[in-house]
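The listed protein sequences derive, respectively, from chains A and B.
Its first residue numbered 1, the first sequence is counted upward by one per residue in this note's numbering.
Its first residue numbered 1, the second sequence is counted upward by one per residue in this note's numbering.
Please note that a few of the clues may not be correct.
Repeated chains share a single entry, so a pair holds when one copy, or any two copies, can fit it.
With a cut-off of at most 30 Å between alpha-carbon atoms, the simulated BS3-like pairs for lysine-lysine come out as follows [what the hints assert, rightly or not]: (1) Lys-102 to Lys-434; (2) Lys-112 to Lys-435; (3) Lys-434 to Lys-142; (4) Lys-119 to Lys-330; (5) Lys-142 to Lys-392; (6) Lys-102 to Lys-52; (7) Lys-119 to Lys-434; (8) Lys-112 to Lys-392; (9) Lys-406 to Lys-434; (10) Lys-330 to Lys-102; (11) Lys-112 to Lys-330; (12) Lys-142 to Lys-406; (13) Lys-142 to Lys-52; (14) Lys-435 to Lys-102; (15) Lys-392 to Lys-102; (16) Lys-52 to Lys-197; (17) Lys-197 to Lys-435.
Worth flagging that the hints you see were computed from the coordinates, not collected in a lab.
Next come the chains, spelled out residue by residue.
Number of protein chains: 2
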Amino acid sequence: WDRGGEPFFSMGAGTLRVPMAMHATHREKLCEVLRKRPEVGAGAVILLQGGKEASVYDTDTNWDFKQESNFQYLFGVKEPDCYAALRVHDARAVLFVPRMEKMYQAWCGPIKPPAWFQKAYGVHEAAHTDEIVQTLRELGAKELLCVRGSPNRDSGLQLEEPNFDGKDQFGFNQRGSGALWDELNEIRSVKDEEELKILQWVNDVSAEAHLETMRAVQGGQREHLAEATFKYKAALRGCFRVGYSCICGSGRRNAILHYGHAAEPNSELVQAGSLRLLDMGAEYHGYSADVTCSFPVSGRFSRPQRIVYEAVWDAVLAVERVLQPGVCYKDMHRLAQRTLLERMTSAGLFVGSVEDMMAAGLMFHFMPHGLGHQLGLDVHDVGGYPPGEFRKDDPSVQENLRLGRKVKENMVLTVEPGFYFIDYLIEEALADTKKGGFINQEVLHEFWADVGGVRIEDDVVITSNGCRVLTCVPRTVEEIEAVMAGGAWQVSAACCRSYTAGSKM
Amino acid sequence: WDRGGEPFFSMGAGTLRVPMAMHATHREKLCEVLRKRPEVGAGAVILLQGGKEASVYDTDTNWDFKQESNFQYLFGVKEPDCYAALRVHDARAVLFVPRMEKMYQAWCGPIKPPAWFQKAYGVHEAAHTDEIVQTLRELGAKELLCVRGSPNRDSGLQLEEPNFDGKDQFGFNQRGSGALWDELNEIRSVKDEEELKILQWVNDVSAEAHLETMRAVQGGQREHLAEATFKYKAALRGCFRVGYSCICGSGRRNAILHYGHAAEPNSELVQAGSLRLLDMGAEYHGYSADVTCSFPVSGRFSRPQRIVYEAVWDAVLAVERVLQPGVCYKDMHRLAQRTLLERMTSAGLFVGSVEDMMAAGLMFHFMPHGLGHQLGLDVHDVGGYPPGEFRKDDPSVQENLRLGRKVKENMVLTVEPGFYFIDYLIEEALADTKKGGFINQEVLHEFWADVGGVRIEDDVVITSNGCRVLTCVPRTVEEIEAVMAGGAWQVSAACCRSYTAGSKM
Ligand SMILES: [Mn+2]
Ligand SMILES: [Mn+2]
Chain A
1 WDRGGEPFFS
11 MGAGTLRVPM
21 AMHATHREKL
31 CEVLRKRPEV
41 GAGAVILLQG
51 GKEASVYDTD
61 TNWDFKQESN
71 FQYLFGVKEP
81 DCYAALRVHD
91 ARAVLFVPRM
101 EKMYQAWCGP
111 IKPPAWFQKA
121 YGVHEAAHTD
131 EIVQTLRELG
141 AKELLCVRGS
151 PNRDSGLQLE
161 EPNFDGKDQF
171 GFNQRGSGAL
181 WDELNEIRSV
191 KDEEELKILQ
201 WVNDVSAEAH
211 LETMRAVQGG
221 QREHLAEATF
231 KYKAALRGCF
241 RVGYSCICGS
251 GRRNAILHYG
261 HAAEPNSELV
271 QAGSLRLLDM
281 GAEYHGYSAD
291 VTCSFPVSGR
301 FSRPQRIVYE
311 AVWDAVLAVE
321 RVLQPGVCYK
331 DMHRLAQRTL
341 LERMTSAGLF
351 VGSVEDMMAA
361 GLMFHFMPHG
371 LGHQLGLDVH
381 DVGGYPPGEF
391 RKDDPSVQEN
401 LRLGRKVKEN
411 MVLTVEPGFY
421 FIDYLIEEAL
431 ADTKKGGFIN
441 QEVLHEFWAD
451 VGGVRIEDDV
461 VITSNGCRVL
471 TCVPRTVEEI
481 EAVMAGGAWQ
491 VSAACCRSYT
501 AGSKM
Chain B
1 WDRGGEPFFS
11 MGAGTLRVPM
21 AMHATHREKL
31 CEVLRKRPEV
41 GAGAVILLQG
51 GKEASVYDTD
61 TNWDFKQESN
71 FQYLFGVKEP
81 DCYAALRVHD
91 ARAVLFVPRM
101 EKMYQAWCGP
111 IKPPAWFQKA
121 YGVHEAAHTD
131 EIVQTLRELG
141 AKELLCVRGS
151 PNRDSGLQLE
161 EPNFDGKDQF
171 GFNQRGSGAL
181 WDELNEIRSV
191 KDEEELKILQ
201 WVNDVSAEAH
211 LETMRAVQGG
221 QREHLAEATF
231 KYKAALRGCF
241 RVGYSCICGS
251 GRRNAILHYG
261 HAAEPNSELV
271 QAGSLRLLDM
281 GAEYHGYSAD
291 VTCSFPVSGR
301 FSRPQRIVYE
311 AVWDAVLAVE
321 RVLQPGVCYK
331 DMHRLAQRTL
341 LERMTSAGLF
351 VGSVEDMMAA
361 GLMFHFMPHG
371 LGHQLGLDVH
381 DVGGYPPGEF
391 RKDDPSVQEN
401 LRLGRKVKEN
411 MVLTVEPGFY
421 FIDYLIEEAL
431 ADTKKGGFIN
441 QEVLHEFWAD
451 VGGVRIEDDV
461 VITSNGCRVL
471 TCVPRTVEEI
481 EAVMAGGAWQ
491 VSAACCRSYT
501 AGSKM
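Kindly produce the complete structure, drawing on both the sequences and the hints.
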């Protein structure tokens, strides 16, 4: 937190510098679109509540703090327990920080005055949270808009409404707050240049950390060594948090899509001949990467492992080659499914017509998740569907597809097809006369335990006429086997694949 | 999670094996004392709610799960969202686990039936959480006792009352629940043999990780390298969590007692000539170590650094030499204060009579925290004061002393004196005619910025006639300088100092 004239965020030498001006731009963009919305009155002021530090049950320890994403997007403030006001007509921004007791200095550090926060975060004004009412009056607030209490997004959960003493002295605009919610989600879903730099940075850090993890993996270890290594290597590069729980399966546990939670804490033994599936992403200034690498522990793919891996890789390429503004991601999801079915039919696992398999919904049993999702401050970022549309609305997509709209330039999203051998889903498919008829059971048993599951996940930005991949890790079988054999790998912008839609088809 | 006959917890080869029988013993001990309490009826059943997985705001990511400590103490269950019932008259234990939807298998892993949980955790019975009412009836529950909703402990916070459908069909015994709370705190505050093994284990892991961190520290780095290194090294030994936020100050930031939180994230540059103060502890099966090492970045103490360090080390030794059952920790707190005043008077910082300085409360300005606290499942563990007593009751101790009772055999506690140069507290002392008169300002300025602050923190178990130190790290100036110069250090039980009270005085 230096501030040489222009305020910025950075974790020191060799890490990325994020100018606070980025957040001012976000605020201005938001106010500009809100001024065009009839639901929003002339004297409207947005009141935001930042993330609170939360206690671990009744103890005096806290869960590791992460700033609430909307607050982070608009203000980029790392301190907990703040509020902010944003006047719609001129984007005047006021940050409110808690008033600390004298003893704060002994336990937590210097008490920074509002003027420090005003300068550090590049806002027009900073004050204490007990001055909210007075400040709102000075801002001429005729109505308040709130981000919290609005409709849910990806998760189906709801934020609490902001609360402060004297809140009832101001009128609350419910419909205007709905407009705020929709516009904020839409703005967040298209990234600006600074955000793209951050997302490239977390991808580069994640790529380096994945590489070092790949090289550290051996049979006979516990799975969590991968998690420990990734977090350590990312922290050395200034990324202190990961954007989501590390998924570090091996063998049959690759088929557990969100492995690595409290009940399955990446603690099993890694078998020497197995595949690993590592889904881990570093976070910086709130923005997360989301990268999955699948590779053989031994350094060499078995034949079944290679077949499934290359089918999934083909699905990645098929999608990346045609992605461009205007393409609907539901079609990409189906393209990936079709590619996987074709390749696995060539491999002898499936028998029959791919179109019939598509119509029967066979792929749900081998890839029950969606092809990808928006990526940003949340790992499953907002804006996967336009306002008013929800992913459960469309019965034609049975899988949990978090991104189901036409993509736009500068959206950042994941391309993450997978192919898994999930016992109960395979048993269900086999028990179904129609679906079961597509499956060659002899071939199935060659793949089932040896492969477990494969996922490949790239982070991708949509360009004006195609897309650019942000994730620079070994991807082809040859690249992976070379790196696992000790070969070099350079993470650099030059390594990232870039596509002009259609050109390579 | 193997279970060869006897269920146990372990993170694999080379890590500690914790038998689930330990938790059965805890349950039996609790029921035994409750049967003697008149507030508890004959048909009493304790109903406990385990920790819930908590979402990060409205996103679909979660805060890293940690089990609620009372639930962990009695059941040792790693899965979130459980309940349990414990019948007081015979300690019959029933564990309730959530009923999972079919899709859980694809996203989270195999659905384990109640029988699996019954065996894995060594309880008499396991059922689903929607069977609580029926099971309570089968247990003949005449009244319910709850841990939640009872008076607060160390933190001043309060747990929520457990809630489940049909709760109102059972009588709730408020006074009995108060008795449960008191007895549970008392039982938790004295450790059994298995708990001592775990606390020794987390201390050994923490010692190894501290050592590797000391060797990795250099000038010109960011402070957080220490945190990253410690967490990585502890994770490699099977400790995936730390018991509290890592405090990784350097130089003047050593004087911020709880440095390393969201607003001060261990991110400053480490100066080559400075002291570091690293307060970090590994956690295993819920139990935490709490270890602080202070050492010079350069590997050699400056004269002022050495003087303050040795004064603090003398305070540690003074306390450890006399600790034994029956000693009141308030007296130990004063003994440490007196030792520090004496040593710093010899060093010329203070002028006058130590007794007068004690009477004036001078030490509050140089060590505003208490000498130590209970340690166990919570880093500031329960039972620091006997039921009905609170630390704010006694105006004779101005500092935040979390442990203020007569210690008993097998209590585990921290001995953590410190000496800090906290700007505002020094300024307050100087502004006070009486306190200011004790301070030699010239000497003060030699120490102020060069030292910043020193803390030494040992974890100690009270034995029948003295105490044993669980923390095996380099402590004398000579030991530290030798290790920093590349010397070997063996973490082993033999290295832990053991005292018979009075023998070395
Ligand atoms: Mn993803
Ligand atoms: Mn402590």
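So, going through the hints one by one against the coordinates:
no.	hint	verdict
1	Lys-102 to Lys-434	between (72 Å within a copy, 21 Å between copies)
2	Lys-112 to Lys-435	between (65 Å within a copy, 27 Å between copies)
3	Lys-434 to Lys-142	neither (62 Å within a copy, 55 Å between copies)
4	Lys-119 to Lys-330	neither (45 Å within a copy, 45 Å between copies)
5	Lys-142 to Lys-392	neither (37 Å within a copy, 46 Å between copies)
6	Lys-102 to Lys-52	within (21 Å within a copy, 35 Å between copies)
7	Lys-119 to Lys-434	neither (66 Å within a copy, 40 Å between copies)
8	Lys-112 to Lys-392	between (47 Å within a copy, 29 Å between copies)
9	Lys-406 to Lys-434	neither (32 Å within a copy, 74 Å between copies)
10	Lys-330 to Lys-102	between (56 Å within a copy, 25 Å between copies)
11	Lys-112 to Lys-330	neither (49 Å within a copy, 34 Å between copies)
12	Lys-142 to Lys-406	neither (37 Å within a copy, 61 Å between copies)
13	Lys-142 to Lys-52	within (27 Å within a copy, 40 Å between copies)
14	Lys-435 to Lys-102	between (69 Å within a copy, 19 Å between copies)
15	Lys-392 to Lys-102	between (52 Å within a copy, 18 Å between copies)
16	Lys-52 to Lys-197	within (28 Å within a copy, 36 Å between copies)
17	Lys-197 to Lys-435	neither (45 Å within a copy, 55 Å between copies)
Checked against the numbered hints listed earlier, the structure breaks hints 3, 4, 5, 7, 9, 11, 12 and 17; every other hint is satisfied.
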